[in-house]
Structures are given as C-alpha cells and as structure tokens.
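Undergrad: Which chain is which? The protein sequence lines are A and B, in order. Sequential numbering of the first sequence, starting at 0, is according to numbering that gives the first Met the number 0. Sequential numbering of the second sequence, starting at 0, is according to numbering that gives the first Met the number 0.
Some hints could be false.
With a straight-line Cα cutoff of 30 Å, these simulated DSSO-like cross-link-like pairs (lysine-lysine) come out [unchecked claim]:
| id | chain 1 | residue 1 | chain 2 | residue 2 |
| --- | --- | --- | --- | --- |
| 1 | A | 95 | A | 181 |
| 2 | A | 181 | B | 70 |
| 3 | A | 181 | A | 22 |
| 4 | A | 22 | B | 70 |
| 5 | A | 95 | B | 70 |
| 6 | A | 68 | A | 117 |
| 7 | A | 97 | B | 70 |
None of these hints come from the bench; they were simulated from the model. Treat the numbers as computed from the prediction; the structure is a model and nothing was measured.
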Amino acid sequence: MSSETAGSRSLLAHHFADMGEQKDATTLGMWLFLAQEVMFFGGLFLVYAVYRFNFHQAFAAASHHLDVKLGAINTAVLIGSSLTMALAVHAAAVGKRKQLVAFLLLTVLLGSVFLGVKAVEYADKYHHHLVPGPSFSGEVLHLEGDRARQAEMYFSLYFGMTGLHALHMIIGIPILLTLAVKGWRGAYGPAYNTPVELTGLYWHFVDIVWIFLFPFLYLIH
Amino acid sequence: MREEHVVSPRIYFAVFGALLLLTLVTVQVAAIDLGEPELLFGIRVPWNVVVALAIACVKAALVILFFMHVKYSPRLTQIVIGAAFVWLFILLSVTLADYWSRGWIGGNPGT
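Could you build all of it, start to finish, from the sequences and the hints given here?
TA: Right under this line is the structure:
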C-alpha cells in the first residue's frame, strides 16, 4: 500500500467506497439541515405576511422608520462576504493555503461589519422606545392605541427575525475562525476540503435569508 | 470517483456583480409607487411587493446555483433542495389561502 493511499484512507470513513461518495453524502446531510432551516425561517416569513395583511397601516408606518440606506449597505456587505466565502472554498479546492486563510478572515471581517451596523440599528430602536415590551411607545411613529400595539407586533417580528439571522452569523464566525486556524496548519487541500465547503453552504444560506429579510422589512410598505 | 467540479472565480465575481446590481435596482424601484391592481378574488397585491419578491427570488437563485454549487451538484442533492422549496410553497400557499378566503362565506370564524 502506497503512503498516498494510506493518507486518504485515514480521512475516509470505512462505510464509504471513496472520497467522492463520502463528500456527496456529507453535502446531502448539510442540505437536509438547510432544508429544515428553510422551513423554520419560512414559518417566520409566513407569520410576517399574515400580520402585514391584517395590520397593513401600522406595519407600513413602522417599516418606514427603518433606515433603507443602512439596510442596503448591509445587504452589499453580506453579499461581499458570500463572495469571499465562495473564493475561500475555491482556494481550499485548489490547495492555496494562504489564500484560503485570507478569504476566511475577510469573510469574518465582513460578517462583523454587518453585525456592527445591525448593532447601530438596534441602538436606534432602543433610543426611540421601539423595543417591544413595557417601554414600547408608538410616539415616534405617530401611532396610538391599537395601532401602536400593531406596530409593536412589527418590531417583535423585526427583532425576532433579524435577531435569529444575526444569531446564525454569530454562530458562523467562530466556525470560520476554526477553519482559518486548521487551514493555516494545512488541513484542507484538493483531496479533502469538505468542512470548508459545508461552512460555505451555511454562510450562503444566511446570506439568502437576508436577501429576503431586506425587502420584507425595509422596502415593502 | 466522481469528477470534482471546481467553479472558476470569474463566475463568482460575475454573480457578485449581478447581486449588487439587483440590490441597487430593488432599492430604486421601492421608491417608486407602482400601484396596486386587483389580481383576483378581491386580492390586492401592490406591484412593489411583487417586484421586490421577484428580485429577491432571482438573487436567491443566483446564490443557490453558483455560490452553493447546486448547478453542479448530484441529482439527488438537487431533488432534496427542490423538495424543500415544495414544502415551503405548501406551507405558504395553503396558510395564506386560508387567511385570504375567511370572509367569503359569511361571518368570520376563527378570528
């Protein structure tokens, strides 16, 4: 047995015929996880659609308070991080170690910028008493009574959906950093790069969720 | 062993450019009031909503096909992904159909 075969044997679980079959199976598993994520975010979008349909005026007034410019900048930042993630996956597949680490760190940086902008937006809602709860007030939206309660529902959904989205990124960043450390030590190359590829799928999924959150929350009134 | 498909970075940059362009378009279009036609059965959906969702779907498709390599994935993976969206469509369409049609037969049960 040559040393090369022995090397790839250690990466190959015994129940798979070869590395290609193993990669197809793990990728399929990741997609099943993402399919489940589609359903759970889908349910939230559905709730949003139903409430928007019922409380149209309050939702329009509340969504006008969001800063479209910040939302658009964040969309561009997140799309940029998807590009660097895709380039990281490519660097791993062709065995460019330094490029892989650089693109992973760039993805972390862009992800952090996104979260920073999100923090600025959350602070604005806090200062204007738009965080759902006892201190919520429809004053800045010029809404009172039932309409204010309905706007509170909008902000419950806003914080719930963007918060869950941000949580996904907060989970993704340490994973990316772990990949960067392992990648620097030479763990990934043309023969084996599945962790980088699967993390890429996760990161792109998070990007897709934002691609829908942005028009739903910021653009449609 | 299956042939590994390595996507050229040139494709990634092209997709990135298209995504940025579509983001710009969707922001610009949102500022224009496109009107609110009656589609069917008294359902009124503003054109702005239709356009914003259509652009988002195109952007998502670009990410899924190219960034997530689904265009080059095995058939089995593609079928699983397709099934995920079929279930999502059932969830959305059946629930929304219920909410839209509640007032049609007199009274308003369930609210």
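Undergrad: Confirm or reject each hint.
TA: Evaluated hints:
For the given pair, residue 95 of chain A sits about 13 Å from residue 181 of chain A by alpha-carbon distance, which is consistent with the 30 Å threshold. Proposed proximity of residue 181 of chain A and residue 70 of chain B is supported: the alpha carbons are some 29 Å apart, at most 30 Å. Of the supplied pair hints, the one linking residue 181 of chain A and residue 22 of chain A holds, its CA atoms being roughly 19 Å apart against a limit of 30 Å. Taken as a hint, the residue 22 of chain A and residue 70 of chain B pair is honoured in the structure, with Cα atoms around 16 Å apart against an allowance of 30 Å.
Distance hint between residue 95 of chain A and residue 70 of chain B is fulfilled; the C-alpha atoms sit about 24 Å from each other, no more than 30 Å. Simply put, residue 68 of chain A and residue 117 of chain A have alpha-carbon atoms about 12 Å apart, close enough for the 30 Å limit, and the pair holds. As the CA atoms of residue 97 of chain A and residue 70 of chain B are separated by approximately 28 Å, the hinted pair is consistent with the 30 Å bound.
Hint violations for this structure: none, all hints satisfied.
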